[in-house]
Amino acid sequence: MWHVGTVVALNDETETVRTVRLKVSNWRSHVAGQHVDVRVTASDGYSAVRSYSIASAPNSDGHLELTIERLPEGEVSPYLTQEVEVGDRLELRGPIGGWFVWRNYQTEPVQLIGGGSGIVPLMAMIRSRASAGSSAPFRLLYSVREPSAVLYRDELHTLSNRDYPVTVSYAYTRAIPQGWPRPPGHIDASLIANTTWPSNLAPICYVCGPTSFVETIAGLLTACGHGTDKIRAERFGPTGEPQ
Amino acid sequence: MSSDNDYLDGNAAAGELSSIFATDITAAEGQCANCGATKRFAEAHVYMQTPGVVARCAACEHVLLRVVNVRHRIFLDVRGMTFLSFDTSQDRRTVQAAS
Chain V
0 MWHVGTVVAL NDETETVRTV RLKVSNWRSH VAGQHVDVRV TASDGYSAVR SYSIASAPNS
60 DGHLELTIER LPEGEVSPYL TQEVEVGDRL ELRGPIGGWF VWRNYQTEPV QLIGGGSGIV
120 PLMAMIRSRA SAGSSAPFRL LYSVREPSAV LYRDELHTLS NRDYPVTVSY AYTRAIPQGW
180 PRPPGHIDAS LIANTTWPSN LAPICYVCGP TSFVETIAGL LTACGHGTDK IRAERFGPTG
240 EPQ
Chain B
0 MSSDNDYLDG NAAAGELSSI FATDITAAEG QCANCGATKR FAEAHVYMQT PGVVARCAAC
60 EHVLLRVVNV RHRIFLDVRG MTFLSFDTSQ DRRTVQAAS
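Chains V and B supply the protein sequences, listed in that same order. So the first sequence is numbered by numbering that gives the first Met the number 0: it starts at 0 and just counts up by one. So the second sequence is numbered by numbering that gives the first Met the number 0: it starts at 0 and just counts up by one.
Since the hints were made in silico from the structure, they are not lab data. Here the structure is a predicted model, which means the values were calculated and not measured. Built from N, CA and C at the ideal position, the CB exists for glycine as well. Among the clues, some could well be false.
Listing some non-contacts, in silico: residues in chain V with all C-beta distances to chain B over 12 Å [to be verified]: (1) T18; (2) K22; (3) S50; (4) V85; (5) I95; (6) P120; (7) S147; (8) N160; (9) R161; (10) T172; (11) W179; (12) P180; (13) A188; (14) L190; (15) A192; (16) D228.
Here are the in silico distance ranges between beta carbons for each label pair [to be verified]: (17) B:F20 / V:T227: 17 to 27 Å; (18) V:E84 / B:T81: 47 to 57 Å; (19) V:D60 / B:L75: 34 to 44 Å; (20) B:A32 / V:P71: 35 to 45 Å; (21) V:P183 / B:V69: 45 to 55 Å.
Partial chain V-side listing against chain B, Cβ under 10 Å, derived [what the hints assert, rightly or not]: (22) M0; (23) G96; (24) G97; (25) F99; (26) V100; (27) T210; (28) S211; (29) V213; (30) E214; (31) T227; (32) K229; (33) A232; (34) G236.
Isolated chain B, as found in the complex:
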């Protein structure tokens, strides 16, 4: 899989996932339920060739997240992560800087 370099990364899935999450997911930290590695979602290996999106752990290739969009219904599977934590302070600071 990873040897073929046929993956992208979490940035590539962020647009699709923005239809689910109100906060940017690429900077969110997720813990792999298989190996325990905690990484930014941007670092995940993302496969877009599937009918949907599959994100795998960059350390062990365990499936972290799957999202499939079928006829106005989105299926989200996040069993592969024990948690996903979002930093909301950056959003606030950006807003302050812009105003």
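With the rest of the complex left out, here is chain V:
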């Protein structure tokens, strides 16, 4: 049930976001979009469990990467983003989920829409597509606070400038890069209409972000004619375990 993973690398993505690379023995390869539960136990025996999306592409060698955002009031994320060191061991449960997943034999158009660290499982799908050499038509609409908060910027740039590119669009909600044509703001109907696959192509839409983000985007997509059966969502937020 619970596996032990060893931290093999750490990478700071931004000031508050870190990627933790783990090696896990006897680990069943994941599918892009899945998450794991991480259990951290203090020396007094108190333990806390949190869910984190897997960021890396599926592989058969027991490696996985979790990209974790530090929440100021968090119980687990400050430990995972500031204190954990290479060689440390973490308890993991998973991989978890069979609905919010993209399997690399899928060929239909895919629309990814992520808010903040909601990009993480979508990045696993993009990486899975790249590593499988898939040409499934992919578009990403990425809502992010400000330019310095963008995760995986260089990699997304590379993947959007090659054969069978992933089309990447950004929505900056608080601060924009110099010369950016759109003022800061949340994703709205016109951005959906101008940057995402039209509903007549019947794309499968993966939406990940905080609950309010997911509800807003799902409403915008259905208003554009996307069927609710084509929209798959994953909501995240502070979980209600004892603080």
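Mind docking chain B on chain V? Use the hints.
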């Protein structure tokens, strides 16, 4: 309840429920015993603030499932669903693709 957006979804409960169900529950289809809506468990509104997990129907907010973990004993209440159906073909295909 739903207006406060203080819920997550069935994905968030899947780890806890993996200690009960051998097959992934997020892709399973469940029918609400109250309104009859049949949806994937991933779509349920899940409340984690309670001492345990409560999943409610995304259409009518009727309680579908409750799970409480107390001292090495798990209590599961699924009265809110008339059925829960699991697709096992995907698991097989994944295994074949990996081998």
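Check each numbered hint from earlier against the structure, then list the numbers of those it violates in ascending order. Hints 3, 5, 6, 16 and 32 contradicted; others consistent.
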